[in-house]
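Protein chains: 2
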Amino acid sequence: MINLYCHVIDVSHRKSYCHRRLNFLGSKFNLHEMLNEMSELKELKSVPHRDFYNVRKVDTHIHAAACMNQKHLLRFIKHTCRTEPDRVVAEKNGKKMTLKELFESLYMDPYDLTVDSLDVHAGRQTFHRFDKFNAKYNPVGASELRDLYLKTENYLDGEYFARIIKEVAGELEDSKYQYTEPRLSIYGRSPDEWDILAKWFIKHKVYSPHMRWIIQVPRIFDIFRSKKILPDFGKMLENIFLPLFEATINPSDHKELYLFLNYVTGFDSVDDESKHNDHMFSNKSPTPDQWTHEQNPPYSYYLYYMYGNIMLLNNLRRERGMSTFLFRPHCGEAGSITHLVSAFITADNISHGLNLKKSPVLQYLYYLAQIPIAMSPLSNNSLFLEYSKSPLREFLHKGLVVSLSTDDPMQFHYTKEALMEEYAIAAQVWKLSTCDLCEIARNSVLQSGLSDKEKKHFLGCNYTKEGPEGNDISRTNVAQIRMAFRYETLCNELSFLADAMNSADIHLAQSQ
Amino acid sequence: MINLYCHVIDVSHRKSYCHRRLNFLGSKFNLHEMLNEMSELKELKSVPHRDFYNVRKVDTHIHAAACMNQKHLLRFIKHTCRTEPDRVVAEKNGKKMTLKELFESLYMDPYDLTVDSLDVHAGRQTFHRFDKFNAKYNPVGASELRDLYLKTENYLDGEYFARIIKEVAGELEDSKYQYTEPRLSIYGRSPDEWDILAKWFIKHKVYSPHMRWIIQVPRIFDIFRSKKILPDFGKMLENIFLPLFEATINPSDHKELYLFLNYVTGFDSVDDESKHNDHMFSNKSPTPDQWTHEQNPPYSYYLYYMYGNIMLLNNLRRERGMSTFLFRPHCGEAGSITHLVSAFITADNISHGLNLKKSPVLQYLYYLAQIPIAMSPLSNNSLFLEYSKSPLREFLHKGLVVSLSTDDPMQFHYTKEALMEEYAIAAQVWKLSTCDLCEIARNSVLQSGLSDKEKKHFLGCNYTKEGPEGNDISRTNVAQIRMAFRYETLCNELSFLADAMNSADIHLAQSQ
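So the protein sequences, as listed, match chains A and B.
Numbering-wise, the first sequence is residues 1 to 512 according to our numbering.
Numbering-wise, the second sequence is residues 1001 to 1512 according to our numbering.
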């Protein structure tokens, strides 16, 4: 299937065709803008009590371990050092250590710590260096501090991490209109990870009405395999998914996990996509339990087996009236464009999607299928693509369903309001209109894991309908003129394709 | 003098020479950066307790009537309508109006007001349209609301304006490290403007340790003259400056003004620079009392007479041990590059300076004289020059003394922290390093009207000295490596020029 698609996207005349259609979509929007900009604005001005500031926005892609900004983390660390210096926070070689002793062992005075010495912010040094970027998760370069402050498993059972997340949640609740979907990790290293994570969540009450949780699975089987932690890839999948099937079938035996799963809305697949992998996934590939060598399975292999398991699990849960999960992998941030093929077949929506820039056929398919893309241009700016070269504006104009997200406020943002910083910079650099911004915000709610009830409240009760009918301007502040334009353009494009296929069929029938 | 300079900057070989020197300065900085970036970072990491967030930053160019963000103004308006609907706030044709009646007369329900209907934010429609931009100062397009909320003279004696400014001041005081220099207008329309302004300031206690006041004089003599409010330009100057001389000579007769002047640190000259004026200021120009026609005097004429009066006033005040004033006009935002010549001769520092881009000779002179420039790239982005084309990064790298300022948060910014938004966007788009940001912040304190005592506290007690000696890294977080580079580069440039002049003299002497 994937190979078939890879063939489909690589045929020259198909590339030209899609390229022309995409150009047409871009030009059509430009024309729409020139003709209707003022009418859209007028429509928005007439909406009482609703503007860009009080439409709902969801940060659709953010990692829990970097969801606070650098200054916030610094302040939190200093606060714990000031108020709990004598608390035992770690155990090293059997010896218990207080917070004070931990800092002494690192030759640091917490009072002197600064954002500079904390050194968690991405800079020019991280561009095209995912390894250096990953190292930035260690405050002051010390993995001890990452363990203590940014992990769920440690001597304090992740208390500090829970507390700082709850502070972030508190700010969101105060802001009232912002929601976020932080990622927590399940590695598939051992079968008890889920129970530990669920215990952490329940024990520290990490719940917030403004947060929906996503589980990210790093694609690092090769590391566990080379350390002989896992015998084969099948075991990794088992560690990730078996506990979920069990908690679904026997909730009473897995109360905490069962409870926690009510707040989990999806799965993400994460890692550096630019790492090359020369295995080509096909029906000749080894099955997961046969995948015993140290080489990492390719991106498509990971996605296929995650997708398969999530579907099975969803069916089971749906039967029992339980919540289901979306599959929302990182995709197209870097590396091979075939990743975007895998996600096109398996994912509900994706994060990044930068590489759609490079394939007109895929970009056109993502448009036609209206697959949502959570973009993070500030993250890309520090890692893979300069801000001015980001395709976000172009994608948005053509009608791809894009939202804005922060990825890692700790590493990329400067102000206290990371998501607003993201919107502000996009608005300023690309001169986006209020209608553009509100369209992005609406997209973010649509693609998020918020409940049907919440989406009805935030977007209007007909939000699942297409076109202007599905838009309640008094809640979204998106002009109906814009909604109509988007809907008509998509319908035209689809009927244009249908006509072309019909005439091709006739042509084929006549020639037979 | 101005004409001489205009000649100086327009000679071809001189242009080439300056262009080459500026290119050299740019390349030299690039080299410095490549070689010393990590060393600078290391120096900054070793500074205890000081980072970009807690170095002092001054918003060096901001207009009081737009110093709050749009959301803040909206909330303030709604708050007054909710809490004081029956208060008399205006008088129209002899009839007193309550706040409720005022909104009714505008056919508006304050509850329905949004940022969109408020319509004070600049957008794509304001680009190259200073007239449309000026109209944005009217909330909901109604000058009645501008009068009530953003003016010092009205039925409430400017109470609302004072209150909202004090709210902004309160936020700055909370942030602790941010200062601002808002502009208040004196028009020169009548001699009692100063007394009214001073009374407003004293009555409402608009004082904040985080604000220093600048008086802006709009260059709109032509409007007053055509309305027959003023007989000649001399009268306008008299209205602006005579009250200041009187309050300086007889403080006890002008207590409020005398008091207010202690918080005023400078003068600004403002208006749309792109308006063409064909009068060429020379010694043949009419004197101010002879300038009776309706045509507006040119930029240089305004600057010269403001400068002359400020100098006289400063001398008088210095003699009496009183505070003196800086002259900090808007200059080089648009229009003729000769404006930059006028300011080079008369100003302490300027706002904008964009047009230095167009004249290598002037740019080089501003570099050699180290004349500070308060730049506002987000303002320019909405009015005169797209963000990506802003010369700020280039100026900074070459060693021109630039600071960052917001100009009009109400019209240009999205977040609650306008100055931080300005720094964040510059840092992201131009990938500025922490050392770059802290250098800009240091420049902003240096060029500001903060007192010597404050500057010592914020920059170090030797701040007036040149080079690394004048930098206290524990307060500024600017690497000494950077300071040394700047100092050596400037000294080299000056001695290179001195050598060239000497050899030219010898050459001249030999040929005589």
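Hints listed in this document are in silico derivations from the structure and should not be mistaken for laboratory results.
Idealized CB from N, CA, C, for every residue including glycine.
Each hint should be verified, as a subset may be incorrect.
Listed next, the in silico DSSO-like pairs over lysine-lysine satisfying Cα-Cα at most 27 Å (straight line) [what the hints assert, rightly or not]: (1) B:K1416 - A:K357; (2) B:K1042 - A:K78; (3) A:K166 - A:K453; (4) B:K1358 - A:K431; (5) A:K431 - A:K389; (6) A:K100 - A:K203; (7) A:K151 - A:K96; (8) A:K389 - B:K1100; (9) B:K1416 - A:K176; (10) A:K166 - B:K1416; (11) B:K1275 - B:K1166; (12) A:K45 - A:K465; (13) B:K1357 - A:K176; (14) B:K1416 - A:K78; (15) A:K431 - B:K1357; (16) A:K100 - B:K1045; (17) B:K1255 - B:K1166; (18) B:K1358 - A:K45; (19) A:K42 - B:K1275; (20) B:K1176 - A:K176; (21) B:K1078 - A:K176; (22) A:K358 - B:K1042; (23) A:K45 - B:K1045; (24) A:K416 - B:K1045; (25) B:K1078 - A:K45; (26) B:K1416 - A:K416; (27) B:K1431 - A:K431; (28) B:K1176 - B:K1431.
Coverage of chain A stretches by chain B, computed from C-beta distances (three or more under 8 Å per stretch; other residues unrestricted) [unchecked claim]: (29) 47-53; (30) 115-124; (31) 273-286; (32) 376-388.
>> Under the constraints set out in the numbered hints, which ones does this structure not fulfil?
In response: Hints 1, 8, 11, 13, 18, 19, 22, 23 and 31 are the ones this structure does not satisfy, whereas the remaining hints hold.
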